[in-house]
Amino acid sequence: ETGVTQTPRHLVMGMTNKKSLKCEQHLGHNAMYWYKQSAKKPLELMFVYNFKEQTENNSVPSRFSPECPNSSHLFLHLHTLQPEDSALYLCASSQDQREGREQFFGPGTRLTVL
Amino acid sequence: DAKTTQPTSMDCAEGRAANLPCNHSTISGNEYVYWYRQIHSQGPQYIIHGLKNNETNEMASLIITEDRKSSTLILPHATLRDTAVYYCIVYSGGSNYKLTFGKGTLLTVNP
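For the record, the sequence lines run as chains A and B.
Take the first sequence: its letters are residues 17 to 130, numbered as in our numbering.
Take the second sequence: its letters are residues 1462 to 1572, numbered as in our numbering.
FYI, nobody ran anything at the bench for these hints, they're computed from the structure.
Each hint should be verified, as a subset may be incorrect.
Unchecked claim - On the chain B side, residues computed to face chain A include the following (Cβ under 10 Å): (1) Y1497; (2) Q1503; (3) G1504; (4) P1505; (5) N1514; (6) S1522; (7) R1529; (8) Y1548; (9) L1560; (10) T1561; (11) F1562; (12) G1563; (13) K1564; (14) G1565; (15) T1569.
By construction, the Cβ of each residue, glycine as well, lies at the ideal position given by its N, Cα and C atoms.
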């Protein structure tokens, strides 16, 4: 148990669906991250929020839309996804973005796009 | 970013020490060495980090060479639950705060 929870743990959706992934951290952290991990590939950073402000968008397609209403919650809204978007989506948090901060990861959401 | 090189896979017998090497020959003076691991289908887990000195915590020890061009993560008494992919990451923070995960080393602990 890392203090970072993600829901749902598994999600199957069609290409025309709209769904949202939720992440919540109970650590009092101020930075939150979305990562994507495709099969046989390293983790890819998608978005970073620091004190609720988006500080990084790693050239992510607009069909992925993040939202950070407060420092404890992070959402990833999904719409018109493609089968190649099937992956494990991981949320992480850290005290903030400054040097030397360790990140705590949630268990991930396994997404399958049909 | 300094690049890291790790073996693709390693095996270790249960109860023995697991020594996982990492080369980071282009590391800069202000860059830290971080280790994470990822057990199958779970999120990565922070293990340990260091700058110059050797470090030890309840999970592992980190040995960094004097020239800082390589390091070794040591799990002193490996268990079956230590089977995971281990990532060695060079991290500089500041304007380059990202953790860049490579392919890591798959450590398999055998009974």
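Tell me the hint numbers this structure goes against, listed in increasing order. 5, 6, 7, 15
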